[in-house]
Every structure is written in C-alpha cells, then in structure tokens.
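Asks: As they're listed, the protein sequences go chains A and B. For the first sequence, this note's numbering assigns the number 8 to the initial residue and increments by one for each residue that follows. For the second sequence, this note's numbering assigns the number 4 to the initial residue and increments by one for each residue that follows.
Wrong hints could be hidden among the right ones.
As the list claims (entries may be wrong) - The list that follows gives simulated cross-link-like pairs (lysine-lysine, PhoX-like), each with its CA atoms no further than 25 Å apart:
no.: 1; chain 1: A; residue 1: Lys-604; chain 2: B; residue 2: Lys-57
no.: 2; chain 1: A; residue 1: Lys-344; chain 2: B; residue 2: Lys-31
no.: 3; chain 1: A; residue 1: Lys-161; chain 2: A; residue 2: Lys-136
no.: 4; chain 1: A; residue 1: Lys-566; chain 2: B; residue 2: Lys-104
no.: 5; chain 1: A; residue 1: Lys-435; chain 2: B; residue 2: Lys-155
no.: 6; chain 1: A; residue 1: Lys-20; chain 2: A; residue 2: Lys-116
no.: 7; chain 1: A; residue 1: Lys-513; chain 2: A; residue 2: Lys-533
no.: 8; chain 1: B; residue 1: Lys-158; chain 2: A; residue 2: Lys-514
no.: 9; chain 1: A; residue 1: Lys-344; chain 2: B; residue 2: Lys-158
no.: 10; chain 1: A; residue 1: Lys-86; chain 2: A; residue 2: Lys-136
no.: 11; chain 1: A; residue 1: Lys-299; chain 2: B; residue 2: Lys-112
no.: 12; chain 1: A; residue 1: Lys-344; chain 2: B; residue 2: Lys-61
no.: 13; chain 1: A; residue 1: Lys-292; chain 2: B; residue 2: Lys-31
no.: 14; chain 1: B; residue 1: Lys-104; chain 2: A; residue 2: Lys-513
no.: 15; chain 1: A; residue 1: Lys-595; chain 2: A; residue 2: Lys-566
no.: 16; chain 1: B; residue 1: Lys-112; chain 2: A; residue 2: Lys-408
no.: 17; chain 1: B; residue 1: Lys-155; chain 2: A; residue 2: Lys-590
no.: 18; chain 1: A; residue 1: Lys-116; chain 2: A; residue 2: Lys-408
no.: 19; chain 1: B; residue 1: Lys-31; chain 2: A; residue 2: Lys-435
no.: 20; chain 1: B; residue 1: Lys-57; chain 2: B; residue 2: Lys-31
no.: 21; chain 1: A; residue 1: Lys-74; chain 2: A; residue 2: Lys-86
What the hints assert, rightly or not - The calculated label-pair distances, taken between Cβ atoms and stated as ranges, are:
no.: 22; chain 1: A; residue 1: Arg-354; chain 2: B; residue 2: Glu-123; range: 31 to 41 Å
no.: 23; chain 1: B; residue 1: Val-67; chain 2: A; residue 2: Lys-574; range: 30 to 40 Å
no.: 24; chain 1: B; residue 1: Glu-118; chain 2: A; residue 2: Asp-544; range: 30 to 40 Å
no.: 25; chain 1: B; residue 1: Thr-33; chain 2: A; residue 2: Arg-509; range: 44 to 54 Å
no.: 26; chain 1: A; residue 1: Pro-607; chain 2: B; residue 2: Gly-119; range: 46 to 56 Å
no.: 27; chain 1: A; residue 1: Glu-302; chain 2: B; residue 2: Lys-31; range: 19 to 29 Å
Unchecked claim - Quick partial rundown of chain A residues pointing at chain B, CB under 7 Å, derived from the structure:
no.: 28; residue: Ala-43
no.: 29; residue: Ser-196
no.: 30; residue: Ala-198
no.: 31; residue: Pro-199
no.: 32; residue: Gly-248
no.: 33; residue: Pro-345
no.: 34; residue: Thr-484
The set of hints was computed from the structure by calculation and includes no laboratory data. Source: prediction; values computed, not measured. Beta carbons: idealized from backbone N, C-alpha and C, even for Gly.
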Amino acid sequence: MRFDTLSDLKNYKNEISQKQDKGKEIWICGGPGCVANGSMAIAEEFIKALGNKSSSDENTSLWHSIKVLIRPEEKETEKLIRTGITGCMGPCENGPVVHVEPDGLYYQKVTVDDIEGIIGSIKENIPYKAKAMSGLDDKPAEVPSAENIPFLAKQKKIILGKMSTMSPLDLEDYIAHGGYSGLIRALESMAPEEICNEIKASGLRGRGGGGFPTGVKWESCRNSASEMRYVLVNGDEGDPGAFMDRALMEGDPYSVIEGLTIGAYAIGSSEGIIYVRHEYPLAVKRLANAIKNLEEAGLLGTNILGTGFDFHVEICEGGGSFVCGESTALMTSIEGKPGVPRVKYIRSTERGLWESPTVLNNVETWANVPHIITNGSEWFRSIGTENNSGTKVFALVGKVKNTGLVEVPMGTTLRQIIYDIGGGVAQKRPFKAVQTGGPSGGCLPASMLDTPVDFDSLTEAGSMMGSGGMIVMDDRTCMVDIARYFIDFLVEESCGKCVPCREGLKKMQMILHDLTNGKGREGDTKALEDLAEDISDTSLCALGQSAANPVLSTIKYFKEEYIEHEKEHFCRSGVCQGMFRIKIDEEKCKSCGLCSKNCPADTIEKLDSGKYCIKQEGCIRCGACFEVCPFSSVDIVNEVIDDD
Amino acid sequence: MNAEHSELLKEFTAEEVATLDEIIARHKGTPGGLIPVLEEAQVALGYLPASVQKRVAKGLNLPVSRVYGVVTFYSFFTMTPRGRHTIRVCLGTACYVRGGKALAEAIKKEVGISEGETTEDRRFTFESVRCLGACGLGPVVVINDDVHGRMKPSKLTEVLDLYS
C-alpha cells in the first residue's frame, strides 16, 4: 500500500467505503486493565477456536470463514469473521471486554470458557446472554449494545470513537474508519493560514491541562521567522491516576500522528518529535509501528502525497521525571539535559527546541485536530459549551463503581460523570470528594458535584481540569492524608531549581507528616495556608505554582478534618495510624460474626449477649471489620475505650 | 585509558563493553544523543556505574559531570545493580485510595528492604511507581512484567513465591 498522490489516497478511501459486506468482527480489548486480566490469552483462544493458527506475533487480526444464520429467513450464509485486539474500550472495571461488530455488542468479564458461547451466538445471530454487559440496575442488558449500557450510552466518543472497532496496528483499518480525511482536506483545499484559522475558530484548548487556545499557539509559531520549526507531542503523562494519553497512543496512534502532520503543515515544520515516558513501552512500540507503516505508505517522509510537503517524525523516550511534562523542561530533556524548566520571557513558539520556534501540544489535543479539519470548526463548536468546545477524555478511577476511560462533552457535570456513567461510589459508600487535575489540581466535595467540567469552572472551584484524571473518594479517604500524598509526590518530583518549590514544599511536607502522625500542633493549618500562598506566588514553573492546590482545596472544603488532626489528633476516616479507635455499635450489631472471621488480629470477641465486641488492646486498627460489616455497625470514634 | 578500561572489565564482560561502545558510536554526533545512549546502555548492562558514565562521557565528548547530572536526575537510571525480579507497587492515586499504602508496607516487611533497594541475594528490587494505567484493578503490584491486580497483603507470600 503506497500513496504517491492525493488522488491515490482518495481513490483508496472510495474503494473501501463501497465495500458492502464487511463480515463479522470479534474485538478483544487490549487496554492495560484488560490485558492485566488476561485478555491476550482470550484473544489467542478465539483465534484457535476459529481454526486459525495462533501466532505469538502481536499483529493478530485474522480472517476466517463461518456460517451465520440470517433471520427471519432462517437460512445460513457464509460470512467472513475477523478477530483482533483493540486499544482500551473503556469499561476497565468489567474486563476483559469483548466487542462484536457490526452488531455493536459488548461482553464483560469474558473468560476462555465463554469463547464457544460467543462464537455460537454469532452463528445464531443472537446476543450471548451469559456475559452481556450490565445495563440498567446492574442486570445484564437484554441486548448489550452501547445504547443499553449506561456506562457507554451517556458518553460522546469522538476521540475514542474508533478505538473499540479497529486494530491500533493496522493503517488500513484507520483509513477505513475515516482516518486521513483531515489531512486530505488540509493538503487539497486549505492554505496553512486557513488551517491555523480553522483551529482558532474551533476554540480548541490545550488538553494537557493548561487550556491555552491551540490555534493561537500555532499562529504565533507560524509567524516567528525561522528556517526550522518543530512540532512536538507531549506524551509524558505523569499525573498519578491518569491514563488517557496512554490509551490514545496505544489504541489509536495514527490519529495522533495525523493531527501532528496537519499541524506541521499549518505552521511550516518538517520535523516532529513524540515525547513518551519510558513507563509506557507499549505506546512506544505502537507509535513506532505506526510511523514505519506511514513512511512505507508515503504519508510521512518527503513529498507527502505529491504535494511537496516533507515531514518526519521521531520518538523520544523520557527518563522518568514528572516535571518533564512542563513544556520548557520537556524541550531541555529532548536536548539531552536534565529536564529543568526555564523562565518563559520568550515563548517556545518563538524560541523552543534547539532555539527554534516550537509548538508543543498534548496527545489528546493533537488527536482532536483531524476531526476538526474533517468536520469543520462549526461542528466542533456545537459540542461542549461556549468557551470550552469539544469533548474531554477522563480516567474515572478510585472508589467509583465503574472505573474506566470515558469521554464526555465539555460542560458535563461531575455528578453526571460519577453517577450516571460511573454508577456512583463503589460498595454504595458515601461520597466524600472527587480529585481532578492530578498533583496540580484539587479535591471537590459533594456540594460541588454540579460543577460543569470545563477549564474555567473547575479552576474557579479551586481545582483544575488537568490532563483528565478523575479520582473518586469515599468516607474512608482522609483528606489530610491525600494532601500529604500529593505533597510527597511533588517533593520527590520538584527539579530543585527554584527555592520556593524545593524548600517550601519540604516544609509543607513536614507539617503534613506531623498532622497525619498524631503530632499536629496548634497553628499548623494556618502555616500550611501561608506557605501555600508563598509557593504559588514565587515559584518558577507551573509545577511549583500549582503545587499547593491539593492542600489549599482540601483546607477550603474539609477544614474540619484539618482541625481535628491538628487539635484532637483524630482521623475521622480511620486512615491515619493511631489517630482513631474502632468500636462496634451493639445496637446495630446483628451478631453475624463476619467481623470476627475477618479480623487479622483475632481480637473481636462474642459477648454473652451474642453481639460482638473489639478488644482494644489487641486491635491493630486495620479496618477490616469496618469493610466487611454489612450493617454499618462498626464506627470510627475519637474516644478512649476501656476493655472491660 | 587502560586503568578505566580495566575498571569497566571488573564489572562487565568484554562483550558487554563492546555493546556499550557500539551504542555510543551509533549516537555519536547526534544532538541530544546522551539520553538515548544511557537508556540503551542501561537496558544492555543493567545499571550505570561510574565506569560506564566515564566511557560514555569520553565517547560522546562530554564532561563526566554532565553525564552524571543526567543519570542522577531521571528516575529511570540507576547506578547500582538490580535484583533478578523487580517488584513495583503502584501508588498512583487510584491504587493509593484503594489500599496501595498498606500493600507497600506489607511488601517491605515481606522482603525486608525499603523502596529503591535490592535484597542482598539480588532476588528482588523493590520500587514504587505512580500509575500503571491499570486503575480498574487497584491496588496493583507488578512483578517483572506480570500485573497482579486487586492485591491484598494476605496474598503476598503466595505471589512472591512464584519468583525465585
């Protein structure tokens, strides 16, 4: 497959779209969650069951022929069937996930024992009920198609749209699913300035968390006089609890590169670099495979599609440093130096990588570009809200029932994401907070659940959009401990260049450690607030400037917990060691004995009354009884309890 | 040169040194080539002691201080040898709120070393990582390339026994 001219590619796209019967497809989710649950072995078994030889090569999307029943005529017909591995489909909690096309059916928690059943159901042309994905009320959906599954039905998948129905390795698949329409339109009918203007008009803002208007960035780089310009992909996704960019690079690498290619053409660049953190080896492999295929197909390299446009892409692996996600630090790192940020007197769009004008955008931002160019800025603006157009991908994780990867229009509320899509808090525990924006973001309480998710509303609420991690916390999460967790992280990742961040964070860390170790002193909370303000005002880069957010937002919304830690040395969530006691409420105890069975310290005794009681002397306060009690009769209390 | 060469040969075989030289030669002259050289060298040799850093510095015509600066800045690089198996406990926020911290403590107790250390018999190296993208399975422990999801301290001994 090679395209030397624009019409070559257009003819090819035409041919594919006219192909009528596409056969049946069995897609097995190859996202990190499902792989960890054994989806690769399931894919192998599917291939074997269909009579193909299994292959250890990852590139397995194989065709086979089976007889399928046609209803209502009740006659059999020969159909081609294909099995393959996709990127992340999203419902990670219920993996391994299997998706059958073109029927659009989803199956969850699939095991090797379900393979016969799924293949049988395809032959019969009916859904396979045993593992149908959960519909309303958690019951398996009658017909498990996206619209009957709340987790999928309430999403709007644009960026993730192709990921459940194509092989991330296969360029033909990408093109068949609408890929490269954007580049065709750009090269055929748009001048580079027009592309910049189109992106500007779309209102696309940087998806890495900054929210800077992408089109403005492009234009300013385009207008900087230079022989050489660079376009970079920021794939250094470092926020703990976030895996959106990983999913995109692994599951749809071509869309990122198509976006990058359009961007390069728009700003006049011939060199692109994708910076990926080394913790993502599969992303590196998939991107490298995509680059190789695109070079062979003539979609990267010199004189692309006969238009005279040259563009080369390389991958650069990061060495494991959170601050390298900061734009100037990332460029310093590509230059082979320790990744420390610089002061931005001069913007990277004027002088960035190797002193040349550079556009750096996040993975998801680039993946938006082909859609905008294909469908136009007006279409893009019709999604989302006025100043926040388009969709945003989130990694919905933590104590939420349906963890996974979700995509929603900007402006969707936190409540809609957590409850309608996520199914609420896991194990029906009370909701306490949701954390967005990673270590630079903040925790929002239940009263803020109706906040629309967009750049401006979240910042106003004291958190941040960030790159898209969304972590749900229940009543067993201590907010002071969470602040300590993030500050620990940031102390480790501070590059050490500027004093406020290096020393100030350390000081905050000491106070937070004392607070969570029962050594809180009067005035600690106030000291944290003062330090936070100074660090935000005086740090050099965004890491330091936003580092205090986790502390400030938790103090703002959960001050009572800080005060309890400070004055009473009490942790109401039962997290901070030695700062709480556990007691069984005899009134509520139903004498089931589950707590006693699960107590690792063997310190729960049955009283004469039949009720259970914790002997405080031996109690290690692990909370196992609290977790298992079906009647909520185990309480966290702040009182000294004497063993009788 | 000879003294440095013999220092290298104390820790590595002649073939390993030849591999290192080949890696250096391949990136020589490429701007920004230092980090790729170190990444490849670490994969080939396992760790980057002073002797290797000196070799790289000489080969790329850079001051040793520059190489050392990069090696100590990025968490990927290590100057000490590693164990046969690497235990990585995920302390990403999702795993953390699901009990990753207790799990990390349990691992420390079980293998008798702190984070970043290697056991004396070089059986295990213990590290923590932030988010492996398997948040749905939290808390997660990864040993070598095997992901063990929904881990509990009580399941640890059984899992670690799989790696000798």
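Asks: Quick one, are Lys-435 (chain A) and Lys-155 (chain B) close enough, alpha carbons at most 25 Å?
Replies: Holds, because 21 Å separates the two Cα atoms, which is no more than 25 Å.
Asks: Measure nothing beyond the straight line between the CA atoms of Lys-86 (chain A) and Lys-136 (chain A); if it is 25 Å or shorter, mark the hint as holding.
Replies: Holds, because 22 Å separates the two Cα atoms, which is no more than 25 Å.
Asks: Please verify that hint: Ala-198 (chain A), Cβ, nearest Cβ of chain B, below 7 Å or not.
Replies: 32 Å, violated
Asks: Hey, Lys-292 (chain A) versus Lys-31 (chain B), does the alpha-carbon distance stay inside 25 Å?
Replies: 24 Å, holds
Asks: Lys-104 (chain B) and Lys-513 (chain A): Cα distance at most 25 Å?
Replies: This hinted pair holds, its Cα atoms lying about 21 Å apart.
Asks: Please verify that hint: Ala-43 (chain A), Cβ, nearest Cβ of chain B, below 7 Å or not.
Replies: Holds. Min distance 4 Å.
Asks: Determine whether the Cβ-Cβ distance between Val-67 (chain B) and Lys-574 (chain A) falls within the hinted range of 30 to 40 Å.
Replies: For Lys-574 (chain A) against Val-67 (chain B), whose Cβ atoms are near 53 Å apart, the range 30 to 40 Å is violated.
Asks: CA of Lys-57 (chain B) to CA of Lys-31 (chain B), is that 25 Å or under?
Replies: Cα-Cα ~15 Å, so holds.
Asks: Keeping to a limit of 25 Å between CA atoms, is the pair of Lys-74 (chain A) and Lys-86 (chain A) held or broken?
Replies: 6 Å, holds
Asks: Would the hint on Pro-345 (chain A) be counted as holding, given a Cβ-Cβ threshold of 7 Å to chain B?
Replies: Pro-345 (chain A) check passes; min Cβ-Cβ to chain B is 4 Å, inside 7 Å.
Asks: Just to be careful, I want the Cα atoms of Lys-155 (chain B) and Lys-590 (chain A) compared with a cutoff of 25 Å; is the pair within it?
Replies: 24 Å, holds
Asks: For the pair we were handed, Lys-513 (chain A) and Lys-533 (chain A), check the Cα-Cα distance against 25 Å.
Replies: Roughly 16 Å separates the two Cα atoms, so the pair holds.
The structure fails to meet hints 1, 6, 8, 9, 11, 15, 16, 19, 22, 23, 25, 26, 29, 30, 31 from the earlier list, while all remaining hints are met.
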